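A.B. asks: Starting from the given sequences, assemble the full structure and let the hints guide the process.
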Amino acid sequence: MTVPFLQVENLTKDFGGLRAVEDVSFTIDRNEVVGLIGPNGAGKTTLIRLLMNILKPTAGKVILKGEDITGQKTAKIVNKGMASTFQVVKPFRHLPVAANVMVACLSPKTKRKGEWVKTVELRALDALEFCGIADLALEPASVLSHGDLKRLELARAIATEPELLLLDEPFGGLSPAETTLVAGSLRRLHKGGRFGRLHSEGPAMLIVEHKLSELMKIVDRVIVINFGKVIAIDVPGNVVKNKDVIEAYIGKGGK
Amino acid sequence: MSLYLEVKNLSVLYDRAIVLNGLSLHVNSGELVSLVGPNGAGKSTLLNAMSGLIKWQRDTLKGSVSGKITLNGSVKFDGAELINLPAHEIARKGVILCPERGRPFREMTVQENLEVGALFLDKKVADDNLEKVYALFPVLKKRSSQVAGTLSGGERTMLSIGRSLMSEPKILLIDEPSVGLAPLIKDSLFERIRDVQGMGVTILLTEQDVSFAFDLASRNYVISRGKIIAEGTSQELLANELIRETYLGL
Amino acid sequence: MFVSILINGLVSGAVYAILAIGFSLIFGVAKIMNMAHTAFYMLTAFLILGAITFLDMPLPLAAMASIIVAGLLGVVCYKLCFDRIKVHETAVMIISVAIAMLFEETILLTFGAQYQRIPPFVEGYFELGGVSVLNQHFFTAGASIATLVGVWLLLSKTKLGKAIRAVDQDREIANVMGINVTKTSMQVMGISVILAGVAGAVTAPTIMINPLMWTNPLVIVLSAVVLGGLGSIKGSAIAAFILGYAETLVVFIVPDGSFLRGAVSLTAMVLVLLIRPEGLFGVAFEEERL
Amino acid sequence: MWFRKSVLVIPGRVIALMFGITLLLFPLLTADEATLRIVTFAAIFSLYAVSWDTLTGYTGQLSLGHALFFGVAAYASALLDLHLELSVWLTIPIGSCVGAFIGLIVGLPALRLRGIYLGLVTLAFPIILSGIIFYFSDFTGGEAGLYGLSRLAEDKITAYYIVIAIVMCSIFIMFKFTDAKSRILRTGLLLRAIREDEMTARASGIDTIKYKLLAFAMSGFFAGIAGGLYAHYIRVAGPSTLELTFSIQVVLWAIFGGMGTIYGPVAGVFILYPLTEIIRFYPYGEEVRFILLSLILILSLLFMPEGITVWVRDKIEQECTRCKVINAATRRTCRACRAPMYLTKEENANQGKE
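Protein chains in written order, with the working numbering: chain E, 29 to 283; chain H, 315 to 564; chain Y, 744 to 1033; chain S, 754 to 1107.
Simulated from the structure, these hints should not be mistaken for laboratory data. Predicted model only: the values in this text are computed from it and were never measured. Honestly, I wouldn't trust all of these hints.
What the hints assert, rightly or not - Subject to a maximum C-alpha distance of 27 Å in a straight line, what follows is the list of computed DSS-like cross-link-like pairs (lysine-lysine): (1) H:Lys455 - H:Lys438; (2) Y:Lys902 - Y:Lys926; (3) H:Lys382 - Y:Lys822; (4) Y:Lys774 - Y:Lys900; (5) Y:Lys902 - Y:Lys774; (6) Y:Lys774 - H:Lys382; (7) E:Lys137 - S:Lys1077; (8) H:Lys456 - Y:Lys977; (9) S:Lys963 - E:Lys93; (10) H:Lys456 - H:Lys438; (11) H:Lys438 - Y:Lys900; (12) E:Lys84 - S:Lys963; (13) H:Lys455 - Y:Lys900; (14) Y:Lys977 - H:Lys390; (15) H:Lys541 - H:Lys322; (16) E:Lys257 - E:Lys219; (17) H:Lys446 - Y:Lys900; (18) Y:Lys902 - H:Lys437; (19) E:Lys257 - E:Lys271; (20) S:Lys963 - E:Lys118; (21) Y:Lys822 - H:Lys438; (22) E:Lys269 - E:Lys257; (23) H:Lys484 - Y:Lys774; (24) E:Lys108 - E:Lys219; (25) E:Lys271 - E:Lys245; (26) H:Lys541 - E:Lys118; (27) E:Lys104 - S:Lys934; (28) H:Lys382 - Y:Lys926; (29) Y:Lys902 - H:Lys484; (30) Y:Lys902 - H:Lys407; (31) H:Lys437 - Y:Lys926; (32) Y:Lys900 - H:Lys437; (33) H:Lys407 - H:Lys390; (34) E:Lys139 - S:Lys963; (35) S:Lys963 - E:Lys101; (36) E:Lys108 - E:Lys93; (37) E:Lys118 - S:Lys934; (38) H:Lys456 - H:Lys407; (39) E:Lys139 - E:Lys104.
C.D. replies: And the structure:
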């Protein structure tokens, strides 16, 4: 039996009296795209922050490539190959867009002999180009619109050359056309390869999203959580038919 | 029904990033209108702009937090122009904001929180209002001497609605009332909002939870990227396949 | 020994508490790090001295007048300086340092650098547990505690007090609840400086006054405010008492080590902050850390 | 060629260059020892102010007790000089290393604290240390301090050149260290990123703890050089170098000049420090100099809250909105991409109206 790429065991998080995430366990394989859905306030964002150790879990374990990474520094986790985007985008506002991505290109993980220092700018530009905002590279990040910020966040995450990418609402606030575009890039990214000087390892992905129709097209499996608990893990086709899921989403009346 | 609140061509820019893009909407007297849309569509910004918070941020913080803020357009309420009024004047005219997650004054007790809502009113009126709020939200009465920071999510939302009711509002702007609440609490909050409307208060609320909003409101706006995309009753909007798929995600 | 530690600690603790409350009020309401806060305390002491020596006023009247003048001066400073550049928080802080310097140097110029004495409000002393305690110390302690009670009543019972606390905790929400934040900020500046003035007036007779006497209390007040948890008015008052007692104890244990007073209370502050980064009574909200 | 392209066409850099040349030629302009002394002190203090700016202006770690690094290095150099009789060329580097080490120690709380909390903790350290120094006055000289240190050089002019050379090199190193646009050292970019948003920096895989400690150590090291030079120049290391006012002074200089720019603190020191010294020579100058100084500070901050150099820079320089190259404000087209500059000005003015 092989070790799963990411294994989450009984992850739990309390905020004061509130249990935001309760006993969540699941696994993600190296070449999978997994969706994470659930109603507002179900604990999806908290779960991602727990995985990245931005919040400290109350109990439970996160195991990446067979190594327990619970409680390790966020930067270290990123360098082990797990990167994430955030729902609330906080760029380095006064730095140019390109510099925002360059910071990620400077992380130790992306260090490769010789070419490292020389190609930082170029690789940052390639990441921006991949996300479709290369024309804004010199503008300070504070002038970007919401949609562009989302793409900047994606560029920043893929510039760390992750093997597992956690995306928190990558389509949030994007127009339908942009959504299709970004979904396309995600699919290309998942296949892996080189985009200019940017090296993609074809990361596995965990995508939190509300736009189910778009999400269902790109994912292999879906995890549904509600009130911090996993209520279903299944392929997209079955999830939409699941009684618990329908109830959680539409509400008890089933209106 | 008379035209009560009218927003025309409202634009908000943070630096050069457009958050609201020439948005227009109106609310009639006594109506309950909902505003649905995804994260980052500009719902909260709209309510903040209407309640004068954006103007306050522009004048006081001068962009030290999120860059230069530009605010244009017109917000007319009951015939008066609000856009250039300071936030406290707007509140005294009866347009009150209930912020997302309630934002109670954490270190004050529940009763003090409520009293803050009526600071600019006479003591006697304030006491009457307090009675009314306690009658509407018995749970607040039970917790009246508890520090607001210890309240649960649902109680916080109720406290913020109660606090706004203290200032004798004509129109309530409720920001995401149902966010992060359990279904049972959602249901009871649903009833309370109905009660508030029954008291003759006009309500404009924003929601991400479409089913919650559509059940509650008589008319809905769908907002995306700082613009109103569609307007109509719940049935009309749900019948429109395109809107249902792309904007509501149902 | 025990009695005098008790009394002296009480006196310095109460005075620091008044200063710390004033400081944290204006910091909470208007986000002004007013480094000139204790300069107003020094200023009031010298205003009293001036009123007595140059205008021949009786002491209580001189004290009242000085406190009011200081308060007005505070509001003027707020209007002329702080209010106009409140966006730039560091610039506000530096301006307040400059104002403190201005006060210090003006006083130096008019009164000179030597230590001076102000007559006590009440004469005589009192035997307690074998130690003689000056009546003035009792007066200082009593007046300080009365002021603290007054502030507490103001904040918890009056409309203004509720408005102040609301603005202190969330300026934006207070604003949309119909409170005029700008007006409240100015009132708080007045109150804050008047508190500093009261502290100056009641302490002045117990110490030798000197134009440089504002730096040491400033350090103590800053550490009390941080120790209590920024933004917690109650916390800063309690921390002020703790530091007041710590300081008194040090003076008793190491009699010729008055230079250690500041060092010890600051060490206490550093240690507490290392264990609890949000201060003794501050609240850390984990959800909001990101 | 490179020099003509990127230095001579930008007014700010021309001013910096002229300033540097003036400093180097200064002893030829005047033989007055008092003036030379003032300029030497200004140079030492500007290094001190720049080291504060590296830490607070660039990395965003508020330090209100910077005198600690300065004073510790001054004392360390003095002790090494008096007890071990080492040469000046050893005491100052070792003293600065002690400063860097202290920087690391102070940096440790920085990992848990931020903003004003950190500022207050740093403020506490020099005061605590001066308490200790008074307590062990036999070893540390107490109130009077340690005196009779060896000179930097036998005559004043050599000493002046030693100071100027060391200060200029140090400031240049720090300029490179903090320059976010530098292509050689990437630390500047990372430090700016930490100041802007530490969490995002961490999520980008940057070990922010390491870089914060690096900033503390660098800042401590260069403040230490300034402290060592100062101690050897006046031949005394006393508790005044640890005073609260000395910590606040550096903040005044740097913010008056312009925080987050290396040239700002230098300009701040070279304007304010000579001013306070020169006023002394006038009648009543000694008494009113600090009153005048504080009035100047208040007025300048009211009108130039971001600092004097930033205000001047915005008047004489302009960034091309298309290619972000710095141009003189007088140019009508960008020197790099030929885009018209006056258009961009209008665009900026119209921005709010769309």
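A.B. asks: Decide, hint by hint, whether the structure agrees.
C.D. replies: Now the hints, each set against the structure:
| no. | hint | in the structure |
| --- | --- | --- |
| 1 | H:Lys455 - H:Lys438 | 18 Å, holds |
| 2 | Y:Lys902 - Y:Lys926 | 14 Å, holds |
| 3 | H:Lys382 - Y:Lys822 | 24 Å, holds |
| 4 | Y:Lys774 - Y:Lys900 | 24 Å, holds |
| 5 | Y:Lys902 - Y:Lys774 | 21 Å, holds |
| 6 | Y:Lys774 - H:Lys382 | 20 Å, holds |
| 7 | E:Lys137 - S:Lys1077 | 30 Å, violated |
| 8 | H:Lys456 - Y:Lys977 | 25 Å, holds |
| 9 | S:Lys963 - E:Lys93 | 26 Å, holds |
| 10 | H:Lys456 - H:Lys438 | 22 Å, holds |
| 11 | H:Lys438 - Y:Lys900 | 16 Å, holds |
| 12 | E:Lys84 - S:Lys963 | 21 Å, holds |
| 13 | H:Lys455 - Y:Lys900 | 19 Å, holds |
| 14 | Y:Lys977 - H:Lys390 | 43 Å, violated |
| 15 | H:Lys541 - H:Lys322 | 12 Å, holds |
| 16 | E:Lys257 - E:Lys219 | 31 Å, violated |
| 17 | H:Lys446 - Y:Lys900 | 22 Å, holds |
| 18 | Y:Lys902 - H:Lys437 | 10 Å, holds |
| 19 | E:Lys257 - E:Lys271 | 16 Å, holds |
| 20 | S:Lys963 - E:Lys118 | 21 Å, holds |
| 21 | Y:Lys822 - H:Lys438 | 35 Å, violated |
| 22 | E:Lys269 - E:Lys257 | 19 Å, holds |
| 23 | H:Lys484 - Y:Lys774 | 32 Å, violated |
| 24 | E:Lys108 - E:Lys219 | 20 Å, holds |
| 25 | E:Lys271 - E:Lys245 | 21 Å, holds |
| 26 | H:Lys541 - E:Lys118 | 23 Å, holds |
| 27 | E:Lys104 - S:Lys934 | 26 Å, holds |
| 28 | H:Lys382 - Y:Lys926 | 24 Å, holds |
| 29 | Y:Lys902 - H:Lys484 | 23 Å, holds |
| 30 | Y:Lys902 - H:Lys407 | 20 Å, holds |
| 31 | H:Lys437 - Y:Lys926 | 21 Å, holds |
| 32 | Y:Lys900 - H:Lys437 | 13 Å, holds |
| 33 | H:Lys407 - H:Lys390 | 12 Å, holds |
| 34 | E:Lys139 - S:Lys963 | 17 Å, holds |
| 35 | S:Lys963 - E:Lys101 | 12 Å, holds |
| 36 | E:Lys108 - E:Lys93 | 9 Å, holds |
| 37 | E:Lys118 - S:Lys934 | 21 Å, holds |
| 38 | H:Lys456 - H:Lys407 | 31 Å, violated |
| 39 | E:Lys139 - E:Lys104 | 14 Å, holds |
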